[in-house]
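Novice: Here's the letter readout for the chains.
There are 2 protein chains.
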Amino acid sequence: MRTVIECVPNISEGRDPERVREIADAVRAAPGVRLLDVSSDPSHNRSVLTFVGDAAAVKAGVAALFDAVVPRIDLTRHEGEHPRMGAVDVVPLIPIRGATVEECVVLSREVAAEIASRHGIPVYLYEDSAASEARRNLAEIRKGEFEGFAEKMKNPKWVPDFGPARPHPTAGVVAVGARSALIAYNINLGTNDLKVADSIARAIRHIGGGFRYVKAMGVALAERGQVQVSINMINYTKTPLHRVFECVKSEAERYGVSIVGSEIVGLAPADALFMAADHYLRLENFSSDQVLETRLLEEGE
Amino acid sequence: MRTVIECVPNISEGRDPERVREIADAVRAAPGVRLLDVSSDPSHNRSVLTFVGDAAAVKAGVAALFDAVVPRIDLTRHEGEHPRMGAVDVVPLIPIRGATVEECVVLSREVAAEIASRHGIPVYLYEDSAASEARRNLAEIRKGEFEGFAEKMKNPKWVPDFGPARPHPTAGVVAVGARSALIAYNINLGTNDLKVADSIARAIRHIGGGFRYVKAMGVALAERGQVQVSINMINYTKTPLHRVFECVKSEAERYGVSIVGSEIVGLAPADALFMAADHYLRLENFSSDQVLETRLLEEGE
Numbered sequence: 001m002r003t004v005i006e007c008v009p010n011i012s013e014g015r016d017p018e019r020v021r022e023i024a025d026a027v028r029a030a031p032g033v034r035l036l037d038v039s040s041d042p043s044h045n046r047s048v049l050t051f052v053g054d055a056a057a058v059k060a061g062v063a064a065l066f067d068a069v070v071p072r073i074d075l076t077r078h079e080g081e082h083p084r085m086g087a088v089d090v091v092p093l094i095p096i097r098g099a100t101v102e103e104c105v106v107l108s109r110e111v112a113a114e115i116a117s118r119h120g121i122p123v124y125l126y127e128d129s130a131a132s133e134a135r136r137n138l139a140e141i142r143k144g145e146f147e148g149f150a151e152k153m154k155n156p157k158w159v160p161d162f163g164p165a166r167p168h169p170t171a172g173v174v175a176v177g178a179r180s181a182l183i184a185y186n187i188n189l190g191t192n193d194l195k196v197a198d199s200i201a202r203a204i205r206h207i208g209g210g211f212r213y214v215k216a217m218g219v220a221l222a223e224r225g226q227v228q229v230s231i232n233m234i235n236y237t238k239t240p241l242h243r244v245f246e247c248v249k250s251e252a253e254r255y256g257v258s259i260v261g262s263e264i265v266g267l268a269p270a271d272a273l274f275m276a277a278d279h280y281l282r283l284e285n286f287s288s289d290q291v292l293e294t295r296l297l298e299e300g301e
Numbered sequence: 001m002r003t004v005i006e007c008v009p010n011i012s013e014g015r016d017p018e019r020v021r022e023i024a025d026a027v028r029a030a031p032g033v034r035l036l037d038v039s040s041d042p043s044h045n046r047s048v049l050t051f052v053g054d055a056a057a058v059k060a061g062v063a064a065l066f067d068a069v070v071p072r073i074d075l076t077r078h079e080g081e082h083p084r085m086g087a088v089d090v091v092p093l094i095p096i097r098g099a100t101v102e103e104c105v106v107l108s109r110e111v112a113a114e115i116a117s118r119h120g121i122p123v124y125l126y127e128d129s130a131a132s133e134a135r136r137n138l139a140e141i142r143k144g145e146f147e148g149f150a151e152k153m154k155n156p157k158w159v160p161d162f163g164p165a166r167p168h169p170t171a172g173v174v175a176v177g178a179r180s181a182l183i184a185y186n187i188n189l190g191t192n193d194l195k196v197a198d199s200i201a202r203a204i205r206h207i208g209g210g211f212r213y214v215k216a217m218g219v220a221l222a223e224r225g226q227v228q229v230s231i232n233m234i235n236y237t238k239t240p241l242h243r244v245f246e247c248v249k250s251e252a253e254r255y256g257v258s259i260v261g262s263e264i265v266g267l268a269p270a271d272a273l274f275m276a277a278d279h280y281l282r283l284e285n286f287s288s289d290q291v292l293e294t295r296l297l298e299e300g301e
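Protein chains in written order, with the numbering used here: chain A, 1 to 301; chain B, 1 to 301.
Check the hints yourself; a few may be wrong.
Claimed, not checked - Which bits of chain B does chain A cover? Going by a derived footprint, with three or more residues having C-beta under 8 Å, they are:
| # | segment |
| --- | --- |
| 1 | 210 to 224 |
| 2 | 241 to 250 |
| 3 | 254 to 264 |
Because the hints were derived from the structure by calculation, they are not lab data.
Glycine residues also receive a C-beta, built at the ideal position from the N, C-alpha and C atoms.
Chain A with its partners taken away, still in its complex shape:
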C-alpha cells in the first residue's frame, strides 16, 4: 500500500450496536478499504469509523458508508449530546503516506460531488478543502444543527458547495474536507500548580503567539498530584512533537518545574515519531524507506 489516506467519518448513531455493525461491515467490504477502528459513544449517540486506503479505496469506502447510513439513520428521530447536522456528520480525509493534503483536497471534491449526486445530500467543504475562510471551521458550518438547516440554507452565504440548497429530509447535510493528521499529545509536569500548565499552554499555542499548528490548555491531574499541558498537534509535519516538547521543557524550567513524561493519546503516524528520533539522533539523510516495516507496507498489495 504505497498510498495511505485515512478517513475518519463521524456518524449519528452510537446507541444501536447492531446498526453500527451493519454500517461498519458495509465499509469494510468496499474494495481496497482497511477498517482499523470503530468507536461508539452512547451519550453523544455518535460513532467514529477509522479506515484507510488509497484514493480509489477511500472513494469506495465513503460511497459504501453513505449507501449503508442513508436508509438506517433518520436525523428527525436522533438525539444526543454532540452537535450534529447529518446522518453522516463529517468526513475528514487525512494524508498519511504517499499523499499530500492537496491530493486529499482534490479527493474531497470528488467524494463531495458523488455524495450530492447519488443521495441529494448537500455537502460543505471544510478545513483545507474550504472554498473560503468562513467555511474552514467545522463548528461554524454546523451551527444551527440539523433542525436549523432548512432555514440556514436560505441565506445565500450558506449555499452548499455541492448538492441542493435544502437539507436531505432524514440525512441532513454533511461536511467533507482534507486536513492534516491530528495528534493528541500531553506533557505532564512535576508540579500541582495549574497556573504553570496554563501559562505554558498559552505560550505554546498559536492563538497566544506560539506555534502555528498547536492548540493547548492546562489540565489538573488530581489523582497524580500533577498538571498537564494538553495539546492538539494539528500539523505534526510543520510543528513537530520534539519542538513543542523542548519549548515546554524550557518554559517549565523557568518555574523550576521538570517534565515528568509525555503521552500520545490514540494513534499517531510513524513519521511523527521518526521525526523525533531524526532530530535527537541528528540523523543524516534519514528516510522512512530505511525502515523495514515501511518496506513491508510498500511491498504489500
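Got chain A; can you put chain B on it based on the hints?
Specialist: Just chain B now, kept in the frame of chain A:
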C-alpha cells in the same frame, strides 16, 4: 502480518544475474513470503536475499531457496573474495515483530532439520542457536571454507548439528542461526583527528569495557574532513541507539568535539527509532500499537 521474521540468506553466486533472478523468483513464489531485497556483489561472487514472513512462510522460503540453489550453484567451480563454505552459505533468522529470538531458535532447528533431510547438506547452528559457545561465531565455523571441510569434519569437534559428517559434493555445508537485528549506525564527529574517533570507539565497544551489544571502530572521512565512530549495533533492544549516541556525545565533549550527525546504513526496524523518540520525549506507556502503520501491518493478510 502480526509476526514478522526476517531471513537474510547469503548465497555463493553474485556474477550471473540470470541465475540470481531465478533463485530470487523461487523464493518470492513461496507462500507467505515477501522478498524485500536482493543485492549481488560480483567481486565477492555472493548475493544477499532479504525476505520476511511468519515462521511458516520463512520455512517455505528457505525450502524454496535450497530447492533452487542446489541444482544451480556448484561450489567446486566457485571463486570470489568472500570466504564461503556453502552454495547457501548462511541463513540468519531475525525477529522483527511479534516473535522472539527464542522462537527463531526453535525455527532455526526446524529449518536445519529439513535442509539436512531433504538435501543431505550438513548444518551448523550458530549465533543464538549455537549448541556451544565454540559454535556461536560464524567465522570460526567457516574456517577452512568449502575446500577444507571434508578434512575439518573428520574432527569430532566439528560434527554438524544436523545432517551427515561430510560436505555435500557441490553445495558444501551451511550455517543456520537466530540473531537479533543488526543496525549499521555511524556517528560523525566535528574533527579530523582520527585518534578521537578511535578512543571513543574503544570506550563504547563491548571488547573495551563498553556496551554489551556494540562493536565499533574509528574511521576517517577524508572527503568531509571529519572522523566517524562506525558502529554495529548487534542488539538494539538491549543497547538502544539513543544510549550509544548520548555516550558518544559525552565522550566527544571531553575532547571539545561535537557530534555533527549520525546515520543509519541500510534498513532498521521501526522499533529502533520508536525507542529513541520514546526516550527523548519521555513518553509514558507508549506502544508501537499506537502507530497507524503498525495497525495497517497487523490488519493486513
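Novice: Each of the hints needs a verdict: does it hold here or not?
Specialist: To see whether the hints hold, each was checked on the structure:
no. : hint       : result
1   : 210 to 224 : violated (count 0)
2   : 241 to 250 : holds (count 3)
3   : 254 to 264 : holds (count 6)
Comparing the model with each numbered hint stated earlier shows that hint 1 is the single one that does not hold.
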